[in-house]
Amino acid sequence: MSSNSWKIARRSNTQLPLVIVLALAVVLVLLGRAQASLFDRARMRMTDLMAPVLETVHKPVQGFNRWIGSIEELFSVYQENLALKDENARLKQWRNVAVVMQGRVQHYQELLHAVPDPAVDSVLARVIGRASRPFLETMILDAGEGSNVKPGEAVVDARGMIGRIYLAGDHTSWVILLTDLNSRIPVTIASADGKPTALQAIMTGDNSAAPMLDTLSQSVTLRAGDQVVSSGDGGLLPPGLPIGTVMGGPGAYRVALLADASSSEDVEVLAFRHPAETLPPTTPSQLPAVAAGLPPATATPATVPAAAGTAAPHTASAAAGPVSPPKTPLPQMPRAAPNISAAIQQEPIQTPAEAPDNRDD
Amino acid sequence: MGAQDRARLVIGAKVLSALLPVICGLLGVFLSNLPVTLFGSFVPPPLLGFIPVYFWCLVRPDLMTPAATFAIGLLQDVMSGGPPGIWSLSFVVAYAVIQRQRDAFAGLAGVAAVLGFAAAMLIVCVVAYLTTAALYHLTPLGPIVAELAITVLFYVPGAIVVGALHRRLVGPLRSEF
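Residue numbers (the numbering used here), protein chains in the order written: chain H, 1 to 361; chain P, 362 to 538.
In isolation and in its complexed conformation, chain H is listed as follows:
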């Protein structure tokens, strides 16, 4: 049989499967878009199975990287030593300032009866793999759901935040790095010169070493060196996690990350659990107004200006509805609001204490 006739025969035989397989591939892409969790489960199972292999492979690679790194450092060790001594002296001064400030803040918090920050548990994990691909920047940790690691939790090292848990298997978990395309983190930008300004922004990864700062208004001007920390908006991440410093110019602000994900070996997974707020009781006798000895008022348009701004829509809907106020939860809010504002007016010292905690929520 000549090679030409063989090729022609093969072509005719493979035409149908190729069309079917192409269609299957298109369906797979669309299915993956709609149901990504199917792939995620398969990935986690495979990573769990491969965990011993990854740990075995990672050790010599880690040794090789250290060896390469030590050769590079050999040429700059003297200059680096001088710079580190200088930095150490400055950091000691800042440490003294920080200790004094911490004591002062604690004292103020006690005076104002501030609500303490929610407790943050952490799990120490080791990096057993990392990968930088065109569509994903990730690292793999040796702790999974068996160690109470859950998707969404923040991953930090000694310097700052690295990323978030993306997938959690039984024994391993994938971290989506801050530099990854899919990473979006709500952040707060604090001025480097100590001014009490806190701008909100979204830090967006684009697979480059320095993520972008989005959703800043055009009029905002940042300065290089401004501190970027997690804002805690949405309640998924603890507020105040150090992330990096602002770099770049207007219109193209970026963040120089404090942590270097490519060299981190041991990381902490922060289990930030914001306690869910329970709804107020709905029985008429437990309503704040009734408990305060006031007669149950009916929701009328006249009460709207007295209520807090956020409660106005509820008042309007309650006024429009024919249902009597005590039987439904919505009309309870405008009656509670005047009491709260009255309480704030009587005790103005509680207002600043409440404000930061409300912002964090």
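In case anyone wonders, no lab produced these hints; they're calculated from the structure.
Built from N, CA and C at the ideal position, the CB exists for glycine as well.
Relax, there's no trap hidden among the hints.
Here are the simulated SDA-like pairs of lysine to any residue, each with C-alpha atoms no more than 25 Å apart in a straight line: (1) P:Lys375 with H:Pro17; (2) H:Lys92 with H:Asp193; (3) H:Lys59 with P:Leu387; (4) H:Lys59 with P:Phe391; (5) H:Lys59 with P:Leu395; (6) H:Lys150 with H:Ser37; (7) H:Lys59 with P:Leu388; (8) H:Lys59 with P:Val404.
Which bits of chain H does chain P cover? Going by a derived footprint, with three or more residues having C-beta under 8 Å, they are: (9) 24-33; (10) 38-49; (11) 135-145.
Not everything, but these chain P residues come out facing chain H in the computed CB check (under 7 Å): (12) Leu395; (13) Pro405; (14) Ala428; (15) Ser441; (16) Pro445; (17) Pro501; (18) Ile505.
Given the structure of chain H, go ahead and fit chain P onto it with the hints provided.
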């Protein structure tokens, strides 16, 4: 060794030679997706799984079928962690193009052969990039260009290994199919 044993051995060798291209492809995917980076995050891992696909699609398309290509792409999707199905689709599309232009690709030698592989990889990367941009978000071009370059760089040693396997294990059995 009896005739029956010899027949079994021949059948075993045939099965092995038939599966070797797919095994090489899957092994390439496994190797390139070991989550270790020797040079930091600057160099992406090469798409080693595509080298056997390209090679055997040219020399033995009966062994590297569309279904086998799809399976290799699927493993790449599962292991790489990117958008699901992207590599399966791009591998199969590239396979379809290579298969249509097989005579042109198979006639290349030396540097032209490397350029031929680069053209096939370009199809893979363009399909992956456009699909991701259409269904997810527009990604920077740099990483995918780096992926293309590093894979083409690895094609030369990869083709030597795959060619040796083909000559020693797959090629001799070709006449028996």
